[in-house]
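*Asks:* Below are the chains, spelled out letter by letter.
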Amino acid sequence: DAKTTQPPSMDCAEGRAANLPCNHSTISGNEYVYWYRQIHSQGPQYIIHGLKNNETNEMASLIITEDRKSSTLILPHATLRDTAVYYCIVRVATGNQFYFGTGTSLTVIP
Amino acid sequence: KAGVTQTPRYLIKTRGQQVTLSCSPISGHRSVSWYQQTPGQGLQFLFEYFSETQRNKGNFPGRFSGRQFSNSRSEMNVSTLELGDSALYLCASSLAASTSTDTQYFGPGTRLTVL
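Chains G and V supply the protein sequences, listed in that same order. In case it helps, this note's numbering puts the first sequence at residues 40 to 149. In case it helps, this note's numbering puts the second sequence at residues -10 to 104.
Hints listed in this document are in silico derivations from the structure and should not be mistaken for laboratory results. By construction, the Cβ of each residue, glycine as well, lies at the ideal position given by its N, Cα and C atoms. The reader is advised that the hints may include incorrect statements.
Label-pair ranges, simulated between beta-carbon atoms [stated by the list, open to error]:
#1 V:G29 x G:N58: 23 to 31 angstroms
#2 G:E53 x V:G47: 16 to 24 angstroms
#3 G:S64 x V:P(-3): 40 to 48 angstroms
#4 G:N69 x V:S16: 25 to 33 angstroms
#5 G:P60 x V:G17: 33 to 41 angstroms
#6 G:T146 x V:N48: 31 to 39 angstroms
#7 G:A56 x V:R4: 46 to 54 angstroms
#8 G:M49 x V:P(-3): 29 to 37 angstroms
#9 G:H79 x V:I1: 15 to 23 angstroms
Sample of chain G residues lacking proximity to chain V, with all beta carbon distances greater than 12 angstroms (derived) [what the hints assert, rightly or not]:
#10 D50
#11 G54
#12 T65
#13 H88
#14 N93
#15 A99
#16 S100
#17 E105
#18 S109
#19 T111
#20 H116
#21 D121
#22 V147
This is chain G alone, in the form it adopts within the complex (with noise of 0.2 angstroms):
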């Protein structure tokens, strides 16, 4: 089961950062953040992870709180390509699976 709450949907104006917020209350200490993005019927398309470390990359900055139980996904600035469901998830320590929980709904707007 999933292991992460993220709002429904959020909008966002293009140029501007968009700041998408994630819950993981549960998380163990093993347990890393992925960030997943899936754009309408195509695949999700990996974004970042990180353990409790801030992380950046080409795509996005993760921002992990230090009890680790909420996390940020950054992306500086929002184009309309980056309009697409965006999912946080906990990897689970033991087996190689993803549950997915229902994401966010992010939408640029010009």
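On the provided structure of chain G, position chain V as indicated by the hints.
*Replies:* Below, chain V alone, put in the same frame as chain G:
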């Protein structure tokens, strides 16, 4: 490097038939996982194969099965199709899945419609 490929991309079957879907992982990836996505249930884990062995299994009936070949390519089979099996079937591959940081990369999916 080529990504995960899935064939066919679209498929239409009738109730009672069976279907086989194929997945070719990224070169060098040894783990292949399968997921089902429907509007009502979202993305659900079906099973994972590693070194030709099923290593993890989700909560799906025995009509759903799979296998993995020595070149890591995988197939999944659904027998006695039901209307509720209409879904997007996604395949994901990862390097070795031996650690909790193994990242899965998804293919474009196969859209199955059961009439």
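*Asks:* Now look at each hint and say whether the structure bears it out.
*Replies:* Here is how each hint holds up against the structure:
1. V:G29 and G:N58 have their C-beta atoms about 29 angstroms apart, which keeps the hinted 23 to 31 angstroms range intact.
2. Range check, G:E53 to V:G47: about 38 angstroms between beta-carbon atoms, so the 16 to 24 angstroms window is missed.
3. The beta-carbon spacing between G:S64 and V:P(-3), approximately 42 angstroms, falls within the hinted interval of 40 to 48 angstroms.
4. The given range of 25 to 33 angstroms is respected by G:N69 and V:S16, whose C-beta atoms sit roughly 29 angstroms from each other.
5. The hinted range of 33 to 41 angstroms is satisfied by G:P60 and V:G17, whose Cβ atoms lie roughly 35 angstroms apart.
6. The beta-carbon spacing between G:T146 and V:N48, approximately 32 angstroms, falls within the hinted interval of 31 to 39 angstroms.
7. In this structure the supplied range 46 to 54 angstroms holds for G:A56 paired with V:R4, their Cβ-Cβ distance being about 49 angstroms.
8. Range check, G:M49 to V:P(-3): Cβ separation about 35 angstroms, and the 29 to 37 angstroms hint holds.
9. Between G:H79 and V:I1 the beta carbons are some 20 angstroms apart, a value that agrees with the proposed interval 15 to 23 angstroms.
10. The non-interface label for G:D50 is consistent with chain V: the shortest C-beta to C-beta separation is roughly 22 angstroms, beyond 12 angstroms.
11. The beta carbon of G:G54 is kept farther than 12 angstroms from every beta carbon of chain V, the shortest such distance being approximately 28 angstroms.
12. Every CB of chain V lies more than 12 angstroms from the CB of G:T65, the least distance being 16 angstroms, so the non-interface label holds.
13. Residue placement check: G:H88 does not keep its beta carbon more than 12 angstroms from all beta carbons of chain V (closest about 7 angstroms).
14. Residue placement check: G:N93 keeps its beta carbon more than 12 angstroms from all beta carbons of chain V (closest about 16 angstroms).
15. At roughly 14 angstroms, the least C-beta separation between G:A99 and chain V is larger than 12 angstroms, which holds for a residue marked as non-interface.
16. The Cβ of G:S100 lies farther than 12 angstroms from every Cβ of chain V, with a closest approach of about 17 angstroms, so its non-interface assignment holds.
17. Every CB of chain V is more than 12 angstroms from the CB of G:E105 (nearest about 20 angstroms), matching its label as outside the interface.
18. Chain V leaves G:S109 outside its interface by the beta-carbon criterion, the shortest separation being 19 angstroms against a cut-off of 12 angstroms.
19. Distance check for G:T111 against chain V: the nearest CB is about 20 angstroms away, which clears 12 angstroms, and the non-interface claim stands.
20. Residue placement check: G:H116 keeps its beta carbon more than 12 angstroms from all beta carbons of chain V (closest about 24 angstroms).
21. With a minimum CB-CB distance of about 18 angstroms to chain V, G:D121 clears the 12 angstroms threshold, and the non-interface call stands.
22. Every CB of chain V is more than 12 angstroms from the CB of G:V147 (nearest about 22 angstroms), matching its label as outside the interface.
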